[in-house]
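Enquirer: Chains as they are written, first to last, in this note's numbering: chain A, 354 to 499; chain B, 6 to 323.
Simulated from the structure, these hints should not be mistaken for lab results.
Among the hints, erroneous ones may be present.
Said to hold, decoys possible - Distance condition first, Cα-Cα at most 25 angstroms in a straight line; then the derived DMTMM-like pairs of lysine to aspartate or glutamate:
(1) B:K74 - A:E434
(2) A:K425 - A:E456
(3) A:K425 - A:E359
(4) B:K307 - B:D104
(5) A:K425 - A:D493
(6) A:K439 - A:D493
(7) B:K242 - A:E359
(8) B:K277 - B:D109
(9) B:K242 - A:D437
(10) A:K425 - A:D396
(11) A:K355 - A:D465
(12) B:K242 - B:D70
(13) B:K242 - A:D396
(14) A:K439 - B:D70
(15) B:K242 - B:E151
(16) B:K242 - A:E434
(17) B:K242 - A:E398
(18) A:K439 - A:E398
(19) A:K439 - A:D396
(20) B:K74 - A:D437
(21) A:K439 - A:D383
(22) B:K74 - B:E151
(23) A:K425 - B:D70
(24) A:K425 - A:E398
(25) A:K439 - A:D471
(26) B:K307 - B:D193
(27) B:K277 - B:D104
In this text, all values refer to a predicted model and were calculated from it rather than measured experimentally.
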Amino acid sequence: MKTLTETMRGLAARSPWIYRINAGSCNGCDVECATTACIPRYDVERLGCQYCGSPRHADIVLITGPLTARIKDDVLRVYAEIPDPKVTVAVGICPISGGVFRESYAVHAPMDQYIPIDVNVPGCPPRPQAIIEGVALAIDIWRERL
Amino acid sequence: MLANYSALFAVLAFPGGLFALAIGLALKGADRRLAARLQRRVGPPLAQPFFDLVKLARKRTMVPDIAAKPVFLGAPLIGAASMLLAAALVPIAGVYTPDPALGDLLVLLYLLTVPAVVLMVSGSASGSPFGAIGFSREMALMLAYEGPLVLVVAAVAMRTGAGMGARVSFSLSEIVAYQQAHGAFLFDPMLWPALLAFLAFYPANLGIVPFDIPEAETEVLEGPLLEYSGPALGLFKVMSALKAVVVLSLGIALFFPMAPAGLAGLAVQLAKLLLLMLLGVTVLRVSCGRMRIDQAFRFFLKWPLALSLLSLVIVSFA
């Protein structure tokens, strides 16, 4: 028999709010993220997801871009503002390895040197289906952390 | 003593409190679902606002370093509490008549301004520049829409009072009883301008799209709510769900409180609320863009104010 806490956790896990951080991305992945949410075909609101404008409201963070030197401190600061429990998804090849910017002096990739990454969604840019799968995996991880 | 307990029950369980919250959340869910369908999406489940609330209750509340902590955390409590009380003040035709000791229409008018004030206070207490922008917009919008609301209420009160041989009647129960005896104000040409003014007022009070200027997500990132997280943000969601029920029920009580007694009356009330929410809120918010604050301010000081004033003048000379 499920306890009340578990039931509540199950209900809470159906409301993952998504926040996007652009860590110096070329905007390709951001366009794909926006496509995933905004067009009817891939409607992620059916999973209970909702894009929010404030890091304080976020549960799942989508990070794009190779973490450029210029933006690193700001990304870490915004990341710290997201209340726990949270799950991080790296979207695109840049946060995973640096992609075409790898070994550049201006780039601090891979991202997981600074921020714990839970799900990697590779691609340049990844397809919307891949991003949705990444979000679905993140929801499973998030359920455990709630 | 018994009267005290029934008042407490009215505030906490029915028709305020749990009942109003459940209805409010269900209405919000229906609104989001229909909005998705109108955009040819699947949309979230009907219980989505409820899931959101459970989620927010399990998150951590963070307070920014520069925020005034007692005000920042106290404001949402006051907002939710005021709406809880307001929900117990609105009669449901044939089902519920509020205890006169709880307060009349004037108390309800004051309570209806509390959420806007709470948003202003919390926006400025959060210390965020977006909160400050939200604060100034909320204040401008409130100044613009409160006038028409007061005049609409005064027109309805005078119409009822004139019909009952008195000068004015600020008791919502009397207004409902009068309409049930003499026909709804919806079909009274003297009050049509007031009805139009009310139809312009409630989207602004509920913060939906043509007038969601203070919380504009895409401009000021939900303004006053920007720095809130966890249970405190949940209280704001509770407040807005309750406010939807209160404002729409007030509209029903002022203009069309026709319903059979008993459980059927409750069903009719729910049907009216759902209809108002879907036609008046969802269709409106998916079919327009957002106004600028100066446009909204000018709009409210021009049309709704003139219409409600016209209604008041007609009623007082009739």
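Enquirer: Does each hint hold? Answer for all of them.
Expert: Now the hints, each set against the structure:
1. Distance check on the hinted pair: K74 (chain B) and E434 (chain A) sit about 17 angstroms apart at the alpha-carbon level, within 25 angstroms; holds.
2. A distance of roughly 16 angstroms separates the Cα atoms of K425 (chain A) and E456 (chain A); the hinted pair therefore holds under the 25 angstroms criterion.
3. Under the criterion of a C-alpha separation no larger than 25 angstroms, the hint pairing K425 (chain A) with E359 (chain A) is inconsistent with the structure, at around 38 angstroms.
4. For the given pair, K307 (chain B) sits about 37 angstroms from D104 (chain B) by alpha-carbon distance, which is inconsistent with the 25 angstroms threshold.
5. Under the criterion of a C-alpha separation no larger than 25 angstroms, the hint pairing K425 (chain A) with D493 (chain A) is inconsistent with the structure, at around 28 angstroms.
6. Taking the CA atoms of K439 (chain A) and D493 (chain A), the gap is about 12 angstroms. The hint holds against a cut of 25 angstroms.
7. Between the alpha carbons of K242 (chain B) and E359 (chain A) the distance comes to roughly 23 angstroms, so the proposed pair stays at or under 25 angstroms and holds.
8. With a C-alpha separation of about 23 angstroms, the suggested pairing of K277 (chain B) with D109 (chain B) holds against the 25 angstroms cut-off.
9. Restraint check for K242 (chain B) and D437 (chain A): satisfied, since their Cα atoms lie roughly 20 angstroms apart, inside the 25 angstroms limit.
10. With a C-alpha separation of about 31 angstroms, the suggested pair K425 (chain A) and D396 (chain A) falls outside the 25 angstroms cut-off, and the hint is violated.
11. Using a Cα cut-off of 25 angstroms, the hinted pair K355 (chain A) and D465 (chain A) is violated, with the two alpha carbons roughly 36 angstroms apart.
12. A C-alpha spacing of about 24 angstroms is found between K242 (chain B) and D70 (chain B), which places the hinted pair at or below 25 angstroms, so the restraint holds.
13. For the hint linking K242 (chain B) to D396 (chain A), the alpha-carbon distance of about 23 angstroms falls within 25 angstroms, and the restraint holds.
14. With a CA separation close to 21 angstroms, the supplied pair K439 (chain A) and D70 (chain B) stays within the 25 angstroms bound.
15. The hinted pair formed by K242 (chain B) and E151 (chain B) meets the criterion: a straight-line CA distance of about 22 angstroms does not exceed 25 angstroms.
16. Taken as a hint, the K242 (chain B) and E434 (chain A) pair is honoured in the structure, with Cα atoms around 21 angstroms apart against an allowance of 25 angstroms.
17. The straight-line distance between the Cα atoms of K242 (chain B) and E398 (chain A) is roughly 18 angstroms, inside the 25 angstroms bound, and the hint therefore holds.
18. Distance check on the hinted pair: K439 (chain A) and E398 (chain A) sit about 19 angstroms apart at the alpha-carbon level, within 25 angstroms; holds.
19. Restraint check for K439 (chain A) and D396 (chain A): satisfied, since their Cα atoms lie roughly 22 angstroms apart, inside the 25 angstroms limit.
20. With a CA separation close to 20 angstroms, the supplied pair K74 (chain B) and D437 (chain A) stays within the 25 angstroms bound.
21. Note on K439 (chain A) and D383 (chain A): the hinted pairing holds, with a Cα-Cα distance of about 20 angstroms set against a maximum of 25 angstroms.
22. Note on K74 (chain B) and E151 (chain B): the hinted pairing is violated, with a Cα-Cα distance of about 29 angstroms set against a maximum of 25 angstroms.
23. Restraint check for K425 (chain A) and D70 (chain B): the C-alpha separation of about 22 angstroms stays at or below 25 angstroms, so the hint holds.
24. With a CA separation close to 30 angstroms, the supplied pair K425 (chain A) and E398 (chain A) exceeds the 25 angstroms bound.
25. Restraint check for K439 (chain A) and D471 (chain A): the C-alpha separation of about 10 angstroms stays at or below 25 angstroms, so the hint holds.
26. This hinted pair checks out: K307 (chain B) and D193 (chain B) have alpha carbons roughly 23 angstroms apart, not beyond 25 angstroms.
27. Simply put, K277 (chain B) and D104 (chain B) have alpha-carbon atoms about 23 angstroms apart, close enough for the 25 angstroms limit, and the pair holds.
When held up to the earlier numbered hints, the structure conflicts with 3, 4, 5, 10, 11, 22, 24 and fits the remainder.
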